[in-house]
Each structure stands twice: as structure tokens, then as C-alpha cells.
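Peer 1: Residue strings, one per chain:
Protein chains: 2
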Amino acid sequence: TKVFCTCCLSPSVEPLVAIELEEAINLEMKRWLMSRIEAQKKDGGAQLLVHPGEDDDSALILVSATPCTLLRAVEVLGLARPYHNGSMMVFSYEDRASFKQAGTDKNIQKFLTLAERQYLVTRELESLKTQDETFIPGYPKEKLYQGECIFQSLQKRGFLLKFYPLHNKEELDALAKKWYSQTHFAPQPLGSIHAYFGDTIALYFSFLQFFTFSLVPMAVLGALMYLLSWDSVEKYLLFAVFNVVWSTATLEFWKRRSAAAAYGWGTLLLKSQFEEPRGNYWGPMGVNPITKRREPYYPSWKRKLRICLVSGPIVCVFLGIVILGIGTYLWMEEWVQDYHGRNDTLLSLLVLYMPCFIHTIYICLMNSVYKTIAYALTEWASHKHEQGHTLHIIQHTMKFNFVNCFAAMFYITFCLKDMQLLRKRLVSLLVVSQMINQFTESLLPYLLNKLSFQGGTAGKKDHQDEPTIDRIKSEGDIPTFPGMFDDYMELFVQFGYVSLFSCVFPLTAALLVLNNVIEIRTDALKLCRLYQKPFSSPAANIGVWQIAFEMLGFLSVVTNCFLIGIAPEVTEVSASHGVTSFQLLLFTIVVEHALLVLKTVIAFVIPDEPDWVKLKVAQIEYRSLNALKRK
Amino acid sequence: TKVFCTCCLSPSVEPLVAIELEEAINLEMKRWLMSRIEAQKKDGGAQLLVHPGEDDDSALILVSATPCTLLRAVEVLGLARPYHNGSMMVFSYEDRASFKQAGTDKNIQKFLTLAERQYLVTRELESLKTQDETFIPGYPKEKLYQGECIFQSLQKRGFLLKFYPLHNKEELDALAKKWYSQTHFAPQPLGSIHAYFGDTIALYFSFLQFFTFSLVPMAVLGALMYLLSWDSVEKYLLFAVFNVVWSTATLEFWKRRSAAAAYGWGTLLLKSQFEEPRGNYWGPMGVNPITKRREPYYPSWKRKLRICLVSGPIVCVFLGIVILGIGTYLWMEEWVQDYHGRNDTLLSLLVLYMPCFIHTIYICLMNSVYKTIAYALTEWASHKHEQGHTLHIIQHTMKFNFVNCFAAMFYITFCLKDMQLLRKRLVSLLVVSQMINQFTESLLPYLLNKLSFQGGTAGKKDHQDEPTIDRIKSEGDIPTFPGMFDDYMELFVQFGYVSLFSCVFPLTAALLVLNNVIEIRTDALKLCRLYQKPFSSPAANIGVWQIAFEMLGFLSVVTNCFLIGIAPEVTEVSASHGVTSFQLLLFTIVVEHALLVLKTVIAFVIPDEPDWVKLKVAQIEYRSLNALKRK
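Residue numbers (the UniProt record's numbering), protein chains in the order written: chain H, 1 to 631; chain R, 1 to 631.
Chain H extracted, bound-state conformation (with noise of 0.2 Å):
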């Protein structure tokens, strides 16, 4: 292909990003693309490379992208690089001899990370616009409107099937044998995973990690306490306080965390940016107000009002299947007892377990229906950008699994005060839910994926024979990956489970360590072999759900008090001192204000921002601020 940016042609070209088409499709609109990619920025293109896979009539398009064109696209992104002194810097084209590696342009690939490199081509691709076409060429039927978004357009009409970013063979292979292959513990390297799988991907296995080794003083404590079979009112108290420091310690600590991570990643200073609307969003045509463009248009007061009288009646309906589902287990519940009591037998003592059984199958399957649900209502709602459409998503989801996970667990807390029913369901669930995650989450692709190689064309071998461009199209064929979501939830689901409700049981942590270590190399699996290679923006931290951890921080505070309060062990040396019902719930009371203050202190005093993040960021802001006087 022919390169148009004379300034920096280097001899070889790695493909990025595959873009596939409709098998069936006309060979015009396949040039229009193709030509659309290619043009310069000042006719309204991408400035990108394009090759057109293996022949011109193929219905593959592979993109790259030249140095000079990816700087330029980081320069607008407003992405940090590495300064010539050694701190970071926002990115400027015209001063880019004095960034590290940005100056020759031979060293663009370690200058920019893949995973970069393929959000920028990605970006470029789909802020492309139509000009003054006013339907798809070979298609005079398909109407385009000016200022259209091209991608967007040939998605929604089905001309453009695909659009992935390609692997790359042999850094898979050292990442996955440095991550997961390993058979002693090792940190992840957490590096290569960011250059490689980009910032969403890199903070998740992050998060993840420091989740994991934050559980372990929690995990010590609770196999002391369970092996010494401690049981006294100090040990309540003391589980409490810890629990409380421990949960807010580890947010803030996570805070820290991943700012100095993200200020390595360049994204520290990233300002969010002006996102355009979704591909599936959809509506009358208007004026959009911000770019005076004309485009779809859907007003926000018809999406409040679907989300209000759709939306929360069918999760309403969905609360009321879940809250019976818990009045249908508590009845089993006391049907076995009652069963067992009858009649003593290994049998029954088996039986005894299957409510709890059952009922976590119930929810795994809940969860699982209700997600298709959410999906599709949060589709329907329309909402405009990206962002918007995923925090629904994750409110929706976060509500019904909050119910769907601990409703049945306050219950018996709060009203029956049943500690040792708790306490059973506290395991089956840690031990029966976490199997069926790892079950269907990676064990399941991961058989499917074995089977249809071995049904299609050949073994692993032959594959690495194959030429590129057949292995660019195997790669199109597995399918996609779902993203973290899951994975988040799962934590959250977790977090709950220890923060709430592990002085019950002190093993939780302990339990959930093992669960994680494995957990890490799992998703790591999935993440290299079952799925597409994903796309990936740049993120500075976790988003909503950092807020989503903290509520159950505070929840847990309210939980862990009043759980002390009605534990029968201090009770009993309540009574046993005279001290009355209505005295321990005052000093219930005050105990449970107090743990808040000292969360609200704890996470007020714990800084954001490691302290010399926070210097190198005042000195960029100091750096630019001078720029601008000096102008």
C-alpha cells in the first residue's frame, strides 16, 4: 500500500487491527473504505495504512498506522510519555525530540505500547466521517447523512461484521508463560500485561492482586481465631475494628495505587474526553446541542421515563422472583431440619445441605438471566455515550446482585438471628458458588474452545505453519471477549462476603485467598486463548466501582456492629453482668457511630495520591502553566 506520510516510512508494516466485511460485499464500498482510511486528515480521512488482506476481493481489511500519524493521534488524546529529564509530560507533536524514543521514529513501538497503538488506530477509525457522500458506495439504497460516522453506519447495517485487534504471536506467548504457565508464585508482570492488554485490562489483574494479598493478614487472623476456637466478646470487638480499618485501608491504599500506576501509564492527567455516541444509539434525527451536528437525537426525558416505568418495574419483578426463591430455600431449610431430626441418618445429614445447594444454584442462575435482561433494557434505553450505557449497566446489575447475594443472608442475620444457619450458608456459598463461577467462566469456554479445534481443521501444531493472513481470520472467528464486568462483580460479591459478614465465619478470607490465587491464572488463560484480544481505553482507576467497594465499606460497618449485638456470646455475658437489652443496643449505638467517624477519618487522612505522584503532577501543572506565559 501506498504510504502517504513521506516523513517517516519504515520498511516494515505490522498489521494492528482487522477490520471484517460481509462476505457477499460490492467491491466499491470496500475501496470507498479502503480509500477513507487512507486519506489525509485534511480531506476528512484517518491517515492510517490499509492493506486489503490476501486479495483485493477478500473481505478482510487490515489497518496500521504510521508513526507520525499515532503521535499526532496521542498528541490530541493528551496521553503523558516519558519526558528526556525522566518525568512525565503531556505530549506535545511539535516537542516530541525531547521525549524519550519519540524522536527517531524507528522506536514508535517503544514509544507507544500495542495495546496503545491499537486504541489510537481504533479511535481514528471510528471518529471517521462521511464528507458530501450521500448513501454507501454500491449501495444507492443506503442514505448516509453528512458528518455520519462511517464505522458506526456499516455496523448497524450489517456490511461490517468484525473489527478486532490482532495478537501478536510471540509476545502472547512470552506474556503467557511469564503470567500464568508458571508453577511457583510469583507476582504478575503486571508490566507487559498493561503494554501488552492495555489499562482496563492491567488495572483488573492489579486490583485483583492487591485484593488478594490484602486478604491475607485478614486470612491469618481468621484460621488463628478458627483454630484456637476463640470465642468470647473481644473477639467480636476486635474482628469489628479490624474489619472496619482493614476495608477502608484497602480502598484508600488501592487509591494510591493505581494513581502512581496510572501516572506511569501516562494517564494520570487525562482529562475525560468528548466521547461520541454510541454505535447502537439510536433516535429521530435532530441536532445534537454540544457539536450542532446533525445526528440521532433521543431526549434524555424519554430515556428517564422508559427507565422509570420499564426498567424499574422488571427489576422490581425480578427482586420479587429473588425474595421468593429466599422464602422458598427458608422453608426447605426448616423442612430438612425438621427432616433430620426425624430421622438420623448419613443420608439426611446430606440432605440437610441441599437447600443451601440448590438455592446457590438459584442465584448463579438468577444472576445469569437477569444479566441478559439488563443488557437488553439498557440497550433500549439509548443511552448516548459509552459511559453512560455501562454505569447504568453496572447500577442495574449492582442492585440485583446486592438482593440477589445478601438479601437471604441479612434475612437470617437480622430477623431469624440464626448465627449457626449463617454461618452454613456463609460456606456453601463461598465453596459452591465460586466452583460454578470457575466452571462456567473459564473451565467451559476453555473444553469448548479444545472441541471445536478438534472438530475443525487441524491441531495446534499445523497452526503455527499457517500463514498470516489465514491466522489473522482464526483469530475473527473465536468470539469476543465480554469484558471485566464479571470479573468485578465477582470481587464485589467477594468484598461483600468478608467485609460483612467474616466475622461469622472466620475462614472467609482465608477461603477467598485460595480462590483468587487460582482466579488470576484462570482469567489470565481466558484472557490469552478463548477470547479475541480485546480493545482497551486508558483509564486512571477503576471507575465506578471504586464507589460501588466503598458503599459496602460503610455497609459493612452497620452490619459488623449490630452482628456483635445480637452474637450470643454477648448476650450471655451481657446478662450474665446485668447489663440490660436496651443498654447494649445504646452502646450498639455508639460503637457503630463511632467506627463510622473513624472510617470517614481513616480514608480522609490516607492521601489519594502518593506523595510524590502528587509532586511530579504539580510540577507538570507548574511546567505547562509557564509555557503558556512564556507564549
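No lab work stands behind these hints: they were computed from the structure. Note that the structure is predicted; figures quoted are calculated from it, not measured. Honestly, I wouldn't trust all of these hints.
Repeated chains share a single entry, so a pair holds when one copy, or any two copies, can fit it.
Okay, derived cross-link-like pairs now, EDC-like style, lysine to aspartate or glutamate, Cα gap no bigger than 20 Å in a straight line [what the hints assert, rightly or not]: (1) K143 x D418; (2) K384 x E621; (3) K235 x E379; (4) K129 x E142; (5) K614 x E386; (6) K271 x E621; (7) K42 x E126; (8) K302 x E475; (9) K100 x E148; (10) K271 x E609; (11) K304 x D611; (12) K599 x E550; (13) K42 x D173; (14) K110 x E14; (15) K42 x E148; (16) K141 x E22; (17) K292 x D611; (18) K156 x E386; (19) K255 x E234; (20) K384 x D611.
Once you have looked at the hints, place chain R on chain H.
Peer 2: Frame of chain H, contents of chain R only:
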């Protein structure tokens, strides 16, 4: 004076800021200072207009600025101004022709308000730094280091006595007429206040007005309850819920209001500025890690140590004194009750109110003594930036005020559970402390001012005919404005009375409305006539005060709920229905937690910025992104 910038020479120059030097100053120094102020930017000067006052020998320097210098300063500051299409836009000097009023240089007084021009001049003066002078000209012994702030250095050494913005007689008279001289009730001329006094002052008066208006429904409800002498359980519940909704909604809507105002002032998008160290900042010479300049550097760990080891204990001692005062007060209270019981005369009835009265005076006294000490301690902690300094003072004083004003009330409420006494105390605090405040804040300075005028040269009539230079001098002689700190603190305490305790004495809100209607006028009088014109910096919100008020809001939920829980009416009713005190407490806890959640939800649901402001901000950001792309 010679004007360097020939592009914008205007016939008459309005003096903006006056500098008063020591009387017996070496003329060489005055000339040096003037030349540095006049020098062009590229020579390290401030590029301002300067006038030597009456004659070259006088100690006065008058400073003004050409429109050109002001416009460049606006760009560096990053203020937004009205664009030709009607919306606000971050000002750019290059693009100045597109801004309303800025194209022609004559309109600078319409383009920038008096307060803004004075702020910009001050900013330029304060950022004036030494170039290669090694000592102050005329004083070879006074050494200077390179890059030292000239103004701070002269102030520290006592060469520069005063430094104040000048009043504009006509504008001030017009403003005063509209503001506090009128007899009928009309909203304040907030636009003129902002133009004349600047952002911080306008925000205070705007908040005061908003707060007073928001008190009206509360006052009506309270007055109705008082008149109908409605004493039932429902009253308490209604009041508590109303209180929670009211306090949350007031603070949230205020945020919206201030965001809308800040948009109009162009300060909403203002980024936090790099701050020069404070004038009184001291420490051994070191290297500033951000700017890499040599300057006094006081390590922050030493500051923290000072705060912990000295400020902390001193604050504790003061809190001890306050608590001692409360003890004495409660003892006196008991004694007078006893006295009144023994001899029931008119005198003893009067004596009955004495403890409250004396303790209120004690509280006011302690407040002002403590304030002096808090200022001294904060100064001694050597905060580097004005922001940290102010924050520290506010924190210190707020904690103390909180204990000082509310501790006795909390004790009476929760330990003595004496609603009668609480009511009596609230009334006496409201009436007496506000009378004292109004007196010391406005009436006393006013009288002193009057006295000094009569004892001084002449009456007001001659005053108007005196030459400008004498008026400027006389402005320097009146005291400097102490800042809005005390006024905000007063509102903080008011907000506390209303939200924490008003369910005990429903007339609270009505009394406060009455007080605030007067307060607006006395504060305005004070600002216009009794003090030097204050400097004002750009601001978009009331900053830390917003957080302080919100914290009070959360506390109010707790107190309101427990005030209900222990109210005699409620306990009587519940006892007659066979509800145990344990159940009542449990109910109170549930209500408390529900209200806390309600409060959080309300705060979350009401957006912090009105929709139109959000849209405008998005438009501004979109435009600046596009400008970057086109570059």
C-alpha cells in the same frame, strides 16, 4: 508616566491599586520599585502603569494597567469571557476580536469588572521577582536572592506598609444606594456587588440571601406549630423528616446556584492555579521541588510535627476551658433553679436567665480569644500556600466553635434529657449572641469610625472636595477588611441551631430570618464604609464551607432522630401503647439509618450543576478539543 505599550494608550488612566511605602524611604528604592513595575514582561517586569503619587518624594505609588496587559493576564489566569456567539469561552489573547467588548481597547471597563482589574494588577505585582539585584537599591545591607518575590520581601522588611485596592467613589455610592440604603425589601444587587467587590464577597452575600430565603418555609412551619401549640408524636416526625430534606435540598440547590453564578463570572472552569508561597512563609533556604527555584523551604514533616505537638495540645487546653465553662454554667443553672424555688419573686425570675446570659457572653468571649490564638498558631505552622493556611484556620476554628457552641446543648439533650432547659438555652443563645455579634461586628466599628472622623479633620462635606490623592491616603488609614471568615462562621452556627435543635424550639428559623435581614444590611454597610476595599480572588464556590455545612447536615439527622426518641411526648405515647423503650430505640435506629440513606439519595439525585450549565461546559470543552485537532 510613560506608557510602554503603544498599542493601547488611553487618554485617562484610572488608578487601581495604591502602595504605601515607609515614610522615610530612600528615594532610590522607590525609583527602583517603580521601574521594575513599569518594565516590560520580557525584562522581568510587570508591564503596569505607575504614578508617583503627589510628588516624587511622597511615600505613595499608584498603579494601573493598560488594557493590553490586563488582557494578557486574563489569558494566563484562564478566565472565561462572553464570546461573540453569547456563551462563555476561555479567553485567548490571539482570538480577542471574537470576544464581546474585548476587540476595542476602550471597553476594558466593560470587559473586566473593577474587582477583576484590581485582582489582575495585584497578581502581576505579587509575582514580580528579582532579576540580578543582590540587594535592595539604597539599602546595600538588605540582601536579595535571585527570584525572590519583591513585594513579599519589602513587606517582610517593613519598607512596604500598605497595599490596597482603591475605591471608586461614584460606583460605591451607586452600589450603596441600591444595596443597604433602601427601606423596602428587594433582592440585593448581586451583579453590582460582584462587579465592585469580586467573587468571594458576592458569593458570601449570595449565600446569605439564599440561606435566608430557604429559611422562610422552615420559619412558617415553625411559627404555625408554635401558634397552634401542636404537641404530638407526628409533629416531631414531620419536623425531623422536613429538617433532613430541607438541609440537604438547601445545600444541593446552593451548589447549583453557585455553579450558575460562577459560569456567568467565567470562573467555573478555572483550573487550580500554581500558587506563589505566602508572604509570611518562612524557613531556611532550600530548593523548591516543583519550580526548582531557590527559596525559603520549610519541610512539611516539621509542620506536621508542630501541629501535632504544639497546636494540638493548645487546642485541647482550650477545649478543656470550654468544658469547664459548661460545668460552671450547669452548676449555676442548678443553683438559680433552687434559688427561684425558694424565693419566687420578680428578681429571682430575672436571675433565672442569668446563667444562660453569662455563659453566652463567655462563649462569645472564648470565641474571639481562641480566634486570635488560632491565627497565631497557624502563622507559626508556616503554611506555604494561602490555601493551606486558610484551610488550617477554618478547621481549627470550626472544631472549637462546634464544641463551644454546641457541646452544652448536646450534654443537655442526651445526658440530662432536659428539653425545658434546652429550649431556654436555645432562645437565650439566639437572642443574646446575635445581639452581641451585630454590636461588635458593625455598630462598634461604625461608632469608632464616626468618632475618629469627628476627632479628625473635618465633616463629610469637606471630604468630597478634597483632592484625589488625599482621598486615596485616607482610604489607607482605615482598617483592612478582616475577611468573610467570621460571617461564614456565624452562618455555620445558625445552620447548626436550625438543623440540629429547631425541633425543640420551632421559632428558631423565624428568629434567624429576622436576624439575617438585618445582617445583610449591616454587613453591606461594614464592607462599603468601615474598611479598606478588600482584595478578592476568583472563586467558583464557597469551598470548604460547603463541606462544613454538609457535615452538619449529616449530624442533624442523628440529633433529630434521637431528640425524637427521647422527647417526653413520644415516650409517653409509646409507653401508653405498650411499646418498650428497647423497641422505641430500635425504631429510632431504623428511622435514623433510613433518613441517612434518604439524605444521601437526595444529594446524589439533585445534579450539582443545572442542565444548561452542563451543556455550556460541554460546548466549551468540545470547542477547545476541536481547536486542538485542527492545529
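Peer 1: Compare the structure with each hint and give your call.
Peer 2: Hint check:
In this assembly of identical chains, the alpha carbons of K143 and D418 never lie at most 20 Å apart, being 66 Å within a copy and 78 Å across copies at closest. Proximity of K384 and E621 under a CA criterion of 20 Å is satisfied inter-copy only: 18 Å between copies versus 33 Å inside one chain copy. Taking the shortest Cα distances, K235 and E379 never come within 20 Å of each other, neither inside one copy (49 Å) nor across copies (46 Å). Taking the shortest Cα distances, K129 and E142 sit within 20 Å of each other inside one copy (16 Å), while across copies they are farther apart (66 Å).
When the C-alpha separation of K614 and E386 is checked against a cutoff of 20 Å, the pair qualifies only between copies, where the shortest distance is 18 Å, while the shortest distance within a copy is 30 Å. For the homomeric pair K271 and E621, the shortest alpha-carbon distances inside one copy (13 Å) and between copies (10 Å) are both at most 20 Å. Taking the closest pair of Cα atoms, K42 and E126 come within 20 Å of each other only inside a single copy of the chain (17 Å); across copies the shortest separation is 45 Å, beyond that limit. When the C-alpha separation of K302 and E475 is checked against a cutoff of 20 Å, the pair qualifies neither within a copy, at 40 Å, nor between copies, at 59 Å.
Taking CA atoms no more than 20 Å apart as the test, K100 paired with E148 passes in neither setting, with 38 Å inside one copy and 34 Å between copies. In the homo-oligomer, the alpha carbons of K271 and E609 lie at most 20 Å apart both inside one protomer (17 Å) and across protomers (19 Å), since each shortest distance falls under that limit. Taking CA atoms no more than 20 Å apart as the test, K304 paired with D611 passes between copies only; the shortest distance there is 14 Å, against 42 Å inside one copy. Taking the shortest Cα distances, K599 and E550 sit within 20 Å of each other both inside one copy (10 Å) and across copies (17 Å).
Neither within a single protomer nor between protomers do K42 and D173 lie at most 20 Å apart by alpha-carbon distance, with minima of 40 Å and 57 Å respectively. For a Cα distance limit of 20 Å, the shortest separation of K110 from E14 inside one copy, 14 Å, qualifies, whereas the shortest one across copies, 58 Å, does not. Within a single copy, K42 and E148 get their C-alpha atoms as close as 17 Å, which meets the 20 Å cut-off; across copies the closest is 48 Å, which misses it. Taking the shortest alpha-carbon separations for K141 and E22, only the intra-copy value of 17 Å comes in at or below 20 Å, while the best inter-copy value is 85 Å.
In this homomeric assembly, K292 and D611 come within 20 Å of each other (Cα to Cα) only across copies, at 17 Å, whereas the closest approach inside a single copy is 43 Å. In the homo-oligomer, the alpha carbons of K156 and E386 lie at most 20 Å apart inside one protomer (16 Å), although the nearest pairing across protomers, at 55 Å, exceeds that limit. For the homomeric pair K255 and E234, neither the shortest alpha-carbon distance inside one copy (32 Å) nor that between copies (45 Å) is at most 20 Å. In this assembly of identical chains, K384 and D611 lie within 20 Å of each other by CA distance solely across copies; the values are 16 Å between and 38 Å within a copy.
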